[in-house]
Amino acid sequence: MRPLQIYIHIPFCVKKCAYCDFLSFAADEKMKRAYIGMLLQEIEAWQDRGDESISTVFFGGGTPSVLPAEAIAAVLEALKKKFTFDRDAEITVECNPGTLTADKLRIYRQAGINRLSIGLQSAQEEELRLLGRIHTWEDFLESFRLARQAGFGNINVDLMSALPGQRLAIWRDTLEKVLALAPEHISAYSLIIEEGTPFYGRYQEDARRRERGEECQILPSEDEEREMYRLTETLLEEHGYARYEISNYALPGFACRHNCGYWERREYKGFGLGAASLVDHMRFSNTTDLHRYLEGNWEGEAQERLTREEEMEETMFLGLRMREGVSFAHFRQQFGVEMETVYREVLQKLERQGLLEQTKETVRLTERGTDISNYVFAEFLL
Amino acid sequence: MEEPIVSAEIMVTTEFIGPIMQLCEERRGNYLGMEYMEETRALLKYELPLNEIIYDFFDALKSRSRGYASFDYEMKGYERSELVKLDILVNREEVDALSFIVHAGTAYERGRKMCEKLKEEIPRQLFEIPIQAAIGSKIIARETVKAMRKDVLAKCYGGDITRKKKLLEKQKEGKKRMRQVGNVEIPQKAFMSVLKLDDK
Chain A
1 MRPLQIYIHI PFCVKKCAYC DFLSFAADEK MKRAYIGMLL QEIEAWQDRG DESISTVFFG
61 GGTPSVLPAE AIAAVLEALK KKFTFDRDAE ITVECNPGTL TADKLRIYRQ AGINRLSIGL
121 QSAQEEELRL LGRIHTWEDF LESFRLARQA GFGNINVDLM SALPGQRLAI WRDTLEKVLA
181 LAPEHISAYS LIIEEGTPFY GRYQEDARRR ERGEECQILP SEDEEREMYR LTETLLEEHG
241 YARYEISNYA LPGFACRHNC GYWERREYKG FGLGAASLVD HMRFSNTTDL HRYLEGNWEG
301 EAQERLTREE EMEETMFLGL RMREGVSFAH FRQQFGVEME TVYREVLQKL ERQGLLEQTK
361 ETVRLTERGT DISNYVFAEF LL
Chain B
1 MEEPIVSAEI MVTTEFIGPI MQLCEERRGN YLGMEYMEET RALLKYELPL NEIIYDFFDA
61 LKSRSRGYAS FDYEMKGYER SELVKLDILV NREEVDALSF IVHAGTAYER GRKMCEKLKE
121 EIPRQLFEIP IQAAIGSKII ARETVKAMRK DVLAKCYGGD ITRKKKLLEK QKEGKKRMRQ
181 VGNVEIPQKA FMSVLKLDDK
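From first to last, the protein sequence lines stand for chains A and B.
Each residue of the first sequence is one higher than the one before, counting from 1 in my numbering.
Each residue of the second sequence is one higher than the one before, counting from 1 in my numbering.
Be aware that one or more of the hints could be misleading.
[Said to hold, decoys possible] In the DSSO-like style, the derived pairs of lysine-lysine whose C-alpha atoms are separated by at most 27 Å in a straight line are:
| # | chain 1 | residue 1 | chain 2 | residue 2 |
| --- | --- | --- | --- | --- |
| 1 | B | 172 | A | 349 |
| 2 | A | 349 | B | 164 |
| 3 | B | 175 | B | 117 |
| 4 | A | 349 | B | 113 |
| 5 | B | 164 | A | 16 |
| 6 | B | 150 | A | 349 |
| 7 | B | 175 | B | 165 |
| 8 | A | 349 | B | 176 |
| 9 | B | 155 | A | 15 |
| 10 | B | 164 | B | 175 |
| 11 | B | 189 | B | 176 |
| 12 | B | 119 | B | 85 |
| 13 | B | 196 | A | 349 |
| 14 | B | 113 | B | 155 |
| 15 | B | 146 | A | 349 |
| 16 | A | 177 | B | 117 |
| 17 | B | 150 | B | 196 |
| 18 | B | 117 | A | 349 |
| 19 | A | 349 | B | 166 |
| 20 | B | 176 | B | 138 |
Hints were generated in silico from the structure; no laboratory data involved.
Everything numeric in this text was worked out from a predicted model, so none of it was measured.
Bound conformation, chain B alone (with noise of 0.2 Å):
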């Protein structure tokens, strides 16, 4: 399999150089040179992997020089690599929006990251929910969510019938912003959740 890789050139300060360098390691950059522009301020020059810059690393660059680095790149040309289709599976079934083309190396920690991460986000529903993240046949990451066991309010007075229906009104509000997966309710906001894996 070939995958598409980009030249990179990231403008950074000396004190982010570390940090940086870092996380192109991090996401299987090939170390090209470094030229210094000022006394304060370096060149990096990297090749990387398309698919490992294309959804937050912009995000990430910024947030580890403190918003100083800025990114360049342009397109090189495939290589060969290893590449995997990760797939996830929620209840079973699977979530093509949530399939990702990844390379071998990271697919283990991708995938348990993503069951984890998925995990956080979807709420508790009537069943169990097992979550997995699978390569073809093979299931290389699982999480579970467990299935609700009480959700009762103990007390409902006079005074506290208003609260409550308030409480019961959110409760559905917010049933209605879930995508059904199957017979799984899953909240928008998992599914970017779900891109972001780089939050520290």
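Isolated chain A, as found in the complex (with noise of 0.2 Å):
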């Protein structure tokens, strides 16, 4: 049996926030039920090889709790009904704090949800107000405590650093407010102004400004973002979380499993609007075009079948991503050529210039090389 990942998107959400510019946004009940009607049939209709086993699906968007419960049961029914699974598979529904209740969390219980992905972003009120999200940290506290009595071990907690007017200490009381109720895993990721969204017209120039190294009107300098950064892998390894991955944290065990997926290049197939798959070498995506989906008309753009060479790149891009990096016995396995042999020069320069270290089983990013990895990844294109 080979092991495939399923991703399911759902694009809806309460309200936008005012930094996001992921594919999601409001819609109504009419609107939903003709959706998940249709990611159904898409479920049903898409030819699997047969042999496959399902190891995670990852309920992602937008807001998935923003569902009735009883949606998201059905969508992982018929999942079951289709394929095969593992015993052990990892299924995570991604939360909102302001539309989870005691209800939707047995239901997600009883259909088989074992992991849960909450957004919380900030423990303070003002910045919760500025970005523009739903809920209050007392929300976050009440959803927390209804997930835990629900009987949910494992558990997400999405936080953001690096907001405008955020200072180091404050960013400091956020993270220790979350460690007091001690997730079994923590994202942290850094602010990005988007373009597109309320937050680029408000802070595109600062970011620029900050992108120069120059000083920040309200955003958080460039020494000041790195600190935050080196005090998130400081504080929360101090409690007990490994940083795996670039801007995710776990207790031992806990690592999402879904998103190693995708930095190990495993096969996933994503049902929904626009959700992305890698099955058979070949990486697409549906269409973004809601319409068009609802029609069913759910292919996006032209396919593209990977080259061995894209592959490599990608292995390369992504494995660094993971703090232990990449095994040159996977990178052996994978292509029947040493790693060596085909980025000699390109290891050498950036050990050289400390961005790399290698053992004897692996190459790895260095902390420096963290901080500037986008400098890193371009140099394993071939």
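Two chains, each in its own frame: build the complex with the hints.
Have a look at this one:
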């Protein structure tokens, strides 16, 4: 049986947050019902290879928890009917604290959901308002409590640093408040000012200044942003969390297997609006046009068949995101050739520049390499 | 030291006489006189150092007269002048292509502007890059391009991968179009931009 991961996209939100450039929007009940109906059809229609066993399922968005719990349960059931599942498959639902109830959580548990990812972003009320979040810190505390009560033993909390006006001490406060709850997993991202969002209009100028290394008016400076990153590492490690990827931390045994699949280049099939897939050496995504999707035209643009070289490149720039890096054995196994042979000069140069470190088994980013990982990754393009 | 001087005649519509005279003054022009050709057109006569008109004088003339001015000149001869060689050092290495002969009086201004322009055009790299303007061994202006501090993509999940790859490819392409000067990568357009310092 070969492993396959499943991603389900739920593009609906109560309201769009000011920084968000994901494929998500508010919609009425009729629209949501139609979408779920089409999603189920898409799942049914997909020609699988017949020998897969599902290792992970991830409901992402948008806000999957904005749907009635029965809708999530129905999709999961359709997947279970179609596919064989690993006994210990990891099944995650992304949630927003403003949308969780004890009932919903109970139904999730019954359906077989065993992991929750809750979007908190910040423990500070002013920051939550600034971000345009629909919940308060208290809402989150309540949601977290209900989740534990419902029996969830694998919870992730999403956090964001380098917010406008945020200082190191405030970020520390958010971290400490969350650590006190002891979630199994924490994702801590640095805010990115994305085009097409309200934050872009407000902070783009400042973001440009920061890129040039100049003084900023409201965004934390480059140095402060890196300090926040270092603080996250230190504080979380003190509390027993291991940083296993650039932005992801987990207690032993609780790394997110679904996401590791992306960086380790395991196969995954995405269902829903704009969902991406990597199957049979091909990357492709569904259409991002909701009307087309609802008409049953799920396909997006042409699929791209990856060349062997492209797969080597991906193995490096995705694998190096993991703290443990890329193992020479894995590379040899995948491609039948030594990493050293393909990348001798690149590896030497990056090591000389203090951006990569090698052990007998692996190559991985150094601290400085992590700070400028994009520069490192570009070097691996053939 | 001596420098070549030209006699120039500039035809301009009367409303732009002021801005054009200002331009010539800026370029160390020596005013000889003015004739009115018609009610709305005048002929300005100036002597100008060839050095000052050789790069972007014509562009500046056109832009300050909304395209209406025209310009004609002929060599007059050589005159004594206080000229100096302005060198540009990037990461402490002299960049030959950017050396200029300039009048001593404008050297500081020119040097400062060139350093500022280069600082804008040269992308941040793995180390700090000092940009200096020098006359002989004397540094007369300096800017610094700070070392790259952060260049990270915080999130990279399934749907992000294709876009991420495109970004990395663009980054790699951009590097190819750079000129290597010592350890520093300088984009081609940085060299051109330094010549067009009159851009307002």
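Hint-by-hint comparison with the structure:
Restraint check for residue 172 of chain B and residue 349 of chain A: satisfied, since their Cα atoms lie roughly 16 Å apart, inside the 27 Å limit. Taken as a hint, the residue 349 of chain A and residue 164 of chain B pair is honoured in the structure, with Cα atoms around 23 Å apart against an allowance of 27 Å. A C-alpha spacing of about 20 Å is found between residue 175 of chain B and residue 117 of chain B, which places the hinted pair at or below 27 Å, so the restraint holds. For the given pair, residue 349 of chain A sits about 35 Å from residue 113 of chain B by alpha-carbon distance, which is inconsistent with the 27 Å threshold.
For the hint linking residue 164 of chain B to residue 16 of chain A, the alpha-carbon distance of about 24 Å falls within 27 Å, and the restraint holds. Only pairs whose Cα atoms come within 27 Å are accepted, and residue 150 of chain B paired with residue 349 of chain A is accepted, the gap being roughly 19 Å. A distance of roughly 15 Å separates the Cα atoms of residue 175 of chain B and residue 165 of chain B; the hinted pair therefore holds under the 27 Å criterion. Restraint check for residue 349 of chain A and residue 176 of chain B: satisfied, since their Cα atoms lie roughly 17 Å apart, inside the 27 Å limit.
Our distance criterion of 27 Å between C-alpha atoms is met by residue 155 of chain B and residue 15 of chain A, whose separation comes to about 22 Å. For the proposed pair residue 164 of chain B and residue 175 of chain B, the alpha carbon gap of about 17 Å is at most 27 Å, so the pair holds. At most 27 Å may separate the alpha-carbon atoms for a hinted pair to count; residue 189 of chain B and residue 176 of chain B meet this at roughly 13 Å. Proposed proximity of residue 119 of chain B and residue 85 of chain B is supported: the alpha carbons are some 21 Å apart, at most 27 Å.
For the proposed pair residue 196 of chain B and residue 349 of chain A, the alpha carbon gap of about 37 Å is over 27 Å, so the pair is violated. At roughly 39 Å between alpha-carbon atoms, residue 113 of chain B and residue 155 of chain B are farther apart than 27 Å, so this suggested pair is violated. Pair hint residue 146 of chain B plus residue 349 of chain A holds up; C-alpha atoms about 21 Å apart against a cutoff of 27 Å. At most 27 Å may separate the alpha-carbon atoms for a hinted pair to count; residue 177 of chain A and residue 117 of chain B exceed this at roughly 47 Å.
Of the supplied pair hints, the one linking residue 150 of chain B and residue 196 of chain B is violated, its CA atoms being roughly 31 Å apart against a limit of 27 Å. As the CA atoms of residue 117 of chain B and residue 349 of chain A are separated by approximately 30 Å, the hinted pair breaks the 27 Å bound. Between residue 349 of chain A and residue 166 of chain B the alpha-carbon distance is near 23 Å, which keeps this suggested pair within the 27 Å criterion. Of the pairs offered as hints, the one joining residue 176 of chain B and residue 138 of chain B is violated, with about 34 Å between alpha carbons and a cut-off of 27 Å exceeded.
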